Amino acid sequence: MKFETPATENPIDQLKVIGKATDRVEGPFKTMGRARYAYEWHDVAKNPAYGYVVGSAIAKGRIRSIDLSLAKVSHGVLAIVTAENAGKLGKGEFNTALLLGGPEIQHYHQAVALVVAETFEQARAAAGQIRIEYEKAPGAFDLAAAKDSAPMADKITGGVAASKVGDFEGAFAAAPVQLDATYTTPDQSHAMMEPHSSLAKWEGDKLTVWTSNQMIDWGRGDLAKTLNIPKENVRLISPYIGGGFGGKLFVRADAVLASLGARAAQRPVKVALQRALMPNNTTHRPATIQRIRLGTTREGKITAIGHDSWSGDLPEGKPDGAVHQTRLLYAGENRMTATRLAVLDLPEANAMRAPGEATGMMALEIAMDELAEKLGIDPVELRILNDTQVVPDDASPPSKDDPQDRKGDTAANQAGKGKRFSQRQFIECLRLGAERFGWNKRSAKPAANRDGMWLIGQGVAAAYRGNQTTKSAARVRLDSRGGVIVETDMTDIGTGSYTVIAQTAAEMLGVPLNRVLVRLGDSSFPVSSGSGGQWGANCSTSGVYAACLKLREMVAQKLGVSATDAVFSDGRVRVGDRDVPLGEVAGSAGLVAEDAIEFGKLAKEYQQSTFGAHFVEVGVHVATGETRVRRMLAVCAAGRILNPKAARSQVIGAMTMGVGAALMEELAVDKRLGFFVNHDMATYEVPVHADIPHQDVIFLDETDPISSPMKAKGVAELGICGVAAAVANAIYNATGVRVRDYPITLDKLLDGLPDVA
Amino acid sequence: MRPFTFERVRTPAEAAAAAARHPGAKFVAGRTNLLDLMKLEIETPTHLIDVNGLALDKIEPTADGGLRIGALVRNTDLAADERVRRDYGVLSRALSAGASGQLRNMATTAGNLLQRTRCPYFYDTNQPCNKRVLGSGCGAIDGFSRQHAVVGISDACIATHPSDMAVALRVLDAVVETVGPDGSTRNIPIAEFHRLPGDQPHIDTVLRTGELITAVTLPKPAGGAQIYYKVRDRASYAFALVSVALVVQKDGTGRVALGGVAHKPWRVEAAEAELPKGAKAVAAFLLADAKPTDQNAFKLKLVERTLAAALAQAKGAQL
Numbered sequence: 001m002k003f004e005t006p007a008t009e010n011p012i013d014q015l016k017v018i019g020k021a022t023d024r025v026e027g028p029f030k031t032m033g034r035a036r037y038a039y040e041w042h043d044v045a046k047n048p049a050y051g052y053v054v055g056s057a058i059a060k061g062r063i064r065s066i067d068l069s070l071a072k073v074s075h076g077v078l079a080i081v082t083a084e085n086a087g088k089l090g091k092g093e094f095n096t097a098l099l100l101g102g103p104e105i106q107h108y109h110q111a112v113a114l115v116v117a118e119t120f121e122q123a124r125a126a127a128g129q130i131r132i133e134y135e136k137a138p139g140a141f142d143l144a145a146a147k148d149s150a151p152m153a154d155k156i157t158g159g160v161a162a163s164k165v166g167d168f169e170g171a172f173a174a175a176p177v178q179l180d181a182t183y184t185t186p187d188q189s190h191a192m193m194e195p196h197s198s199l200a201k202w203e204g205d206k207l208t209v210w211t212s213n214q215m216i217d218w219g220r221g222d223l224a225k226t227l228n229i230p231k232e233n234v235r236l237i238s239p240y241i242g243g244g245f246g247g248k249l250f251v252r253a254d255a256v257l258a259s260l261g262a263r264a265a266q267r268p269v270k271v272a273l274q275r276a277l278m279p280n281n282t283t284h285r286p287a288t289i290q291r292i293r294l295g296t297t298r299e300g301k302i303t304a305i306g307h308d309s310w311s312g313d314l315p316e317g318k319p320d321g322a323v324h325q326t327r328l329l330y331a332g333e334n335r336m337t338a339t340r341l342a343v344l345d346l347p348e349a350n351a352m353r354a355p356g357e358a359t360g361m362m363a364l365e366i367a368m369d370e371l372a373e374k375l376g377i378d379p380v381e382l383r384i385l386n387d388t389q390v391v392p393d394d395a396s397p398p399s400k401d402d403p404q405d406r407k408g409d410t411a412a413n414q415a416g417k418g419k420r421f422s423q424r425q426f427i428e429c430l431r432l433g434a435e436r437f438g439w440n441k442r443s444a445k446p447a448a449n450r451d452g453m454w455l456i457g458q459g460v461a462a463a464y465r466g467n468q469t470t471k472s473a474a475r476v477r478l479d480s481r482g483g484v485i486v487e488t489d490m491t492d493i494g495t496g497s498y499t500v501i502a503q504t505a506a507e508m509l510g511v512p513l514n515r516v517l518v519r520l521g522d523s524s525f526p527v528s529s530g531s532g533g534q535w536g537a538n539c540s541t542s543g544v545y546a547a548c549l550k551l552r553e554m555v556a557q558k559l560g561v562s563a564t565d566a567v568f569s570d571g572r573v574r575v576g577d578r579d580v581p582l583g584e585v586a587g588s589a590g591l592v593a594e595d596a597i598e599f600g601k602l603a604k605e606y607q608q609s610t611f612g613a614h615f616v617e618v619g620v621h622v623a624t625g626e627t628r629v630r631r632m633l634a635v636c637a638a639g640r641i642l643n644p645k646a647a648r649s650q651v652i653g654a655m656t657m658g659v660g661a662a663l664m665e666e667l668a669v670d671k672r673l674g675f676f677v678n679h680d681m682a683t684y685e686v687p688v689h690a691d692i693p694h695q696d697v698i699f700l701d702e703t704d705p706i707s708s709p710m711k712a713k714g715v716a717e718l719g720i721c722g723v724a725a726a727v728a729n730a731i732y733n734a735t736g737v738r739v740r741d742y743p744i745t746l747d748k749l750l751d752g753l754p755d756v757a
Numbered sequence: 001m002r003p004f005t006f007e008r009v010r011t012p013a014e015a016a017a018a019a020a021r022h023p024g025a026k027f028v029a030g031r032t033n034l035l036d037l038m039k040l041e042i043e044t045p046t047h048l049i050d051v052n053g054l055a056l057d058k059i060e061p062t063a064d065g066g067l068r069i070g071a072l073v074r075n076t077d078l079a080a081d082e083r084v085r086r087d088y089g090v091l092s093r094a095l096s097a098g099a100s101g102q103l104r105n106m107a108t109t110a111g112n113l114l115q116r117t118r119c120p121y122f123y124d125t126n127q128p129c130n131k132r133v134l135g136s137g138c139g140a141i142d143g144f145s146r147q148h149a150v151v152g153i154s155d156a157c158i159a160t161h162p163s164d165m166a167v168a169l170r171v172l173d174a175v176v177e178t179v180g181p182d183g184s185t186r187n188i189p190i191a192e193f194h195r196l197p198g199d200q201p202h203i204d205t206v207l208r209t210g211e212l213i214t215a216v217t218l219p220k221p222a223g224g225a226q227i228y229y230k231v232r233d234r235a236s237y238a239f240a241l242v243s244v245a246l247v248v249q250k251d252g253t254g255r256v257a258l259g260g261v262a263h264k265p266w267r268v269e270a271a272e273a274e275l276p277k278g279a280k281a282v283a284a285f286l287l288a289d290a291k292p293t294d295q296n297a298f299k300l301k302l303v304e305r306t307l308a309a310a311l312a313q314a315k316g317a318q319l
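Residue numbers (the working numbering), protein chains in the order written: chain A, 1 to 757; chain B, 1 to 319.
These are computed hints drawn from the structure, not numbers from a lab.
Among the clues, some could well be false.
Said to hold, decoys possible - In silico negatives: residues of chain A with every beta carbon more than 12 Å from chain B:
{"hint": "1", "residue": "H109"}
{"hint": "2", "residue": "I132"}
{"hint": "3", "residue": "P151"}
{"hint": "4", "residue": "A174"}
{"hint": "5", "residue": "L179"}
{"hint": "6", "residue": "A264"}
{"hint": "7", "residue": "G452"}
{"hint": "8", "residue": "P512"}
{"hint": "9", "residue": "E598"}
{"hint": "10", "residue": "K671"}
{"hint": "11", "residue": "A682"}
{"hint": "12", "residue": "P687"}
{"hint": "13", "residue": "L749"}
{"hint": "14", "residue": "D751"}
Stated by the list, open to error - 27 Å max Cα-Cα, derived DSS-like pairs, lysine-lysine:
{"hint": "15", "chain 1": "B", "residue 1": "K291", "chain 2": "A", "residue 2": "K671"}
{"hint": "16", "chain 1": "B", "residue 1": "K39", "chain 2": "A", "residue 2": "K748"}
{"hint": "17", "chain 1": "A", "residue 1": "K419", "chain 2": "A", "residue 2": "K301"}
{"hint": "18", "chain 1": "A", "residue 1": "K604", "chain 2": "A", "residue 2": "K419"}
{"hint": "19", "chain 1": "A", "residue 1": "K20", "chain 2": "A", "residue 2": "K748"}
{"hint": "20", "chain 1": "A", "residue 1": "K748", "chain 2": "B", "residue 2": "K280"}
{"hint": "21", "chain 1": "A", "residue 1": "K72", "chain 2": "B", "residue 2": "K39"}
{"hint": "22", "chain 1": "A", "residue 1": "K374", "chain 2": "A", "residue 2": "K419"}
{"hint": "23", "chain 1": "A", "residue 1": "K16", "chain 2": "A", "residue 2": "K645"}
{"hint": "24", "chain 1": "A", "residue 1": "K88", "chain 2": "A", "residue 2": "K16"}
{"hint": "25", "chain 1": "A", "residue 1": "K301", "chain 2": "A", "residue 2": "K91"}
{"hint": "26", "chain 1": "A", "residue 1": "K206", "chain 2": "A", "residue 2": "K225"}
{"hint": "27", "chain 1": "A", "residue 1": "K16", "chain 2": "A", "residue 2": "K558"}
{"hint": "28", "chain 1": "A", "residue 1": "K748", "chain 2": "B", "residue 2": "K301"}
Since this is a predicted model, take the numbers as computed values, not measurements.
Beta carbons are placed, not taken as given, at the ideal position from N, Cα and C, and that holds for glycine.
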């Protein structure tokens, strides 16, 4: 179905199942160990051999020679794949660097070999026997050094690289109150629990890969392209995924090497990327340098707003879209954004949870806090004062060759000046949050509150993230016993897709939740939106909605009545005096309906976004500068919340990740050797339980009929946007020390803390 | 991982004999560090001698009023021991501040002392590291050195010793008891047990080839307020940026050792005379010869401030 006009009342509005806090339907499988992940399909792909990946020891240069002689005769070795013997490989549309390097090396830990052996230990031992001679080439590894010569990027996700409205320079120069500050955010790693893993099996020229991937159809296409085989010969199966955060949007070395290894060994082969390879071998969120200029009237009305951002990537790579929200979040007549992209020889930069806004809000929302202080205005009130109900910046339509907008119908975030937001309850989020958090008890003066050895402060930041809509298809079967099976290649990366899809089908067909079986993550199912850009829940359930609507029509047709007259409830369909069990209508052959949701002009006529506000209280140790987050509150306005329990889990997870970004996450760059040094979980620190306090999440009661028939939006990325800045602002409020370089580790605070010794 | 042979021994004499037979052997007990390093081929022993059967898992009083801690006592058990908690609080606290519950359940007293540095260049076999391959250079000195040592360093190595427990043992004047491959025993004061890197950073301790730790003894309780203050980038499960082990008496005298700043637990007894003058004076003394990098220079100030916090805590006062 085409979604061209705002949704009117529909079966979802019954809210018998949708909108209810619902335990995840696959939860028991996960707790019992019966949910199989990519590495665990050995009973289906029998007798798999094990692959071990060898990563490049240099950041840039060439392999002069590879000596496999010792490794080949090592115990249990079945095959060794290198670029030399792998045959001609293509490169995926979504990949920047090659997934099997050699002889040219593009980045550190780029895969250069896969050893396949009977056991994992044998493969690892043999990998240690491979002798590689490299010829190092000089590379660029320092963003700050490359910044001034970095050219303007071609584009950012969801728009152009640079934009101008009015006369920014003139207005900024004339503004009686000005803020001009530069912020930095570091490279970050997704650090999801499950590493990139694949198990590959060939049957003739047909390839099946059990993998861990967020976007099945992208992956299927790119795996085929990389292996130079027809797409229809590839089947991807990815029903359970142990976290992705954007790190599994694309086919990575595990899938390609498992496929090549299985071909070479003539056996199923499984590969789990070693943890220590993940940060350098796969993608990461790139570091940014961001300059923000804000000019206001004395009363705090923004008259000039400018955002420059620099990031780096390999040649032909992508910039971080940090300026994106600055076109949309605050009012102001004179505006500019610019995105520059340096060529760096560090590993491949790419999407990580809320790419663009996550980093952009880290900078913009400190800048707003600094501005509020300059103006002597409460930071909540400053944001409210500069709210806008229309799009203030005319960013141009999205580029079709941008991965996140690749599917022609994605109408993400592109704005037109004066266009309205489909829903914008930003002020409501701020006001409600301030009330619930007790914001009025905060001291505007920094370093004014203490609890024993702890300096206490509170901070606020806006949350903003675009709501992207993209085509999504599903197939729904009704069997003779009234059971419903939903099939779509949608993925559940821990988000709750199984559950919201089951809820949608149950609501649409009037069956209990436990009569719905959801099957996901198989490329033989209809192509869905996949999971990314927080579009998954809204788009995939809308696809299921469309298929269910079709099924309702088929049921009605079988009964010889109009679908609009039929009432689907309690596993039965009622029309007038007739009351028939659904299974009976389906008959022994069952009924099957397949449809897709396709989003049309509404996405272009309105700016669709999600909004929120983050409130954080921290304690900073007066002597050591250790920061401990004491409480957190997020208020979110993100359309209809399909499953408040799953949505809350997404938001508290995102808030946790935001705390990581604020306080500890940083891939440390060795600027001489060109690699991320802290490439394991011991040294790339993410928050542990002891770092996270009680977290409150409030969802505004909102529906957005412009967004989809579900009237829902994404929420999982909104939850991270702004969190780090709220923490940073709370630290400033606690200590009076303004840190503009993330993460805010204690060494950056020590000089500004009171004398204690 | 390289191929290796493996045997279990039942007595210290058997262990010594096994070590004598296999010059490339390593002892293994808790397996929380050595096996990781073997998987990465950072450690490549040809023979492993499993000492878990040695019955060295008791904590017993000594004749002079101290405690003898068997080499195989697990970190969790040691931290929870009533006598340790009562009389050697700094040790119990240091142990609990280290690693995770799961690791502490496995890790032994002797193994904790013998764990290797967590320097990321040591762990990445593509990179130069004099501790891993003597003569290959040091990646950290001009590289990522935020966690690294600031005192007692050399041009060859700026690695730290990662143990929390060892810092507490240092402040308690513990003694390491060993048996050699020839059956001879010796007592090594903890102060002399760990080495500074010098030009031989590949050697962490003064243990000789085949020498086995059998126990760690604590002298009679030191009394006083005992504090272990560990500072790190997250609240748990991270190595110290800086840690302070402090024993301070009512009269203001005391002892202090530092973790996270050197290749060994860092204690300068002469500095302790400055304790009544406060943290600044003690820290200045302790770190007088510090040579930090740009990235870890903050540790000097952090030591001073953490010591101030620990001293305040000992007094039950606020800063």
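Each hint tested on the structure:
1. H109: Nearest chain B Cβ is 9 Å from A:H109, so the label is violated.
2. I132: Nearest chain B Cβ is 10 Å from A:I132, so the label is violated.
3. P151: holds, 29 Å
4. A174: holds, 41 Å
5. L179: It holds; A:L179 is separated from chain B by about 28 Å at its closest Cβ, greater than 12 Å.
6. A264: holds, 23 Å
7. G452: violated, 6 Å
8. P512: holds, 41 Å
9. E598: Given a closest Cβ separation of 45 Å, the condition holds.
10. K671: About 8 Å separates A:K671 from the closest Cβ of chain B, which leaves it inside 12 Å; violated.
11. A682: violated, 7 Å
12. P687: violated, 6 Å
13. L749: violated, 10 Å
14. D751: Incorrect as stated: the minimum Cβ-Cβ distance to chain B is 8 Å, not above 12 Å.
15. B:K291 to A:K671: Judged against 27 Å, a Cα distance of about 22 Å means the pair holds.
16. B:K39 to A:K748: Measuring from Cα to Cα gives roughly 36 Å; hence the hint is violated.
17. A:K419 to A:K301: Since the Cα atoms of A:K419 and A:K301 sit roughly 21 Å apart, the hinted pair holds (cutoff 27 Å).
18. A:K604 to A:K419: Cα-Cα ~9 Å, so holds.
19. A:K20 to A:K748: violated, 45 Å
20. A:K748 to B:K280: holds, 20 Å
21. A:K72 to B:K39: Measuring from Cα to Cα gives roughly 19 Å; hence the hint holds.
22. A:K374 to A:K419: violated, 31 Å
23. A:K16 to A:K645: Roughly 15 Å between the alpha carbons, so the hint for A:K16 and A:K645 holds.
24. A:K88 to A:K16: violated, 55 Å
25. A:K301 to A:K91: At roughly 49 Å apart (the allowed maximum being 27 Å), A:K91 and A:K301 break the hint.
26. A:K206 to A:K225: Judged against 27 Å, a Cα distance of about 14 Å means the pair holds.
27. A:K16 to A:K558: Between A:K16 and A:K558 the Cα gap is close to 26 Å, so the pair holds against 27 Å.
28. A:K748 to B:K301: Status holds; Cα separation ~12 Å.
Checked against the numbered hints above, the structure breaks hints 1, 2, 7, 10, 11, 12, 13, 14, 16, 19, 22, 24 and 25 and satisfies the rest.
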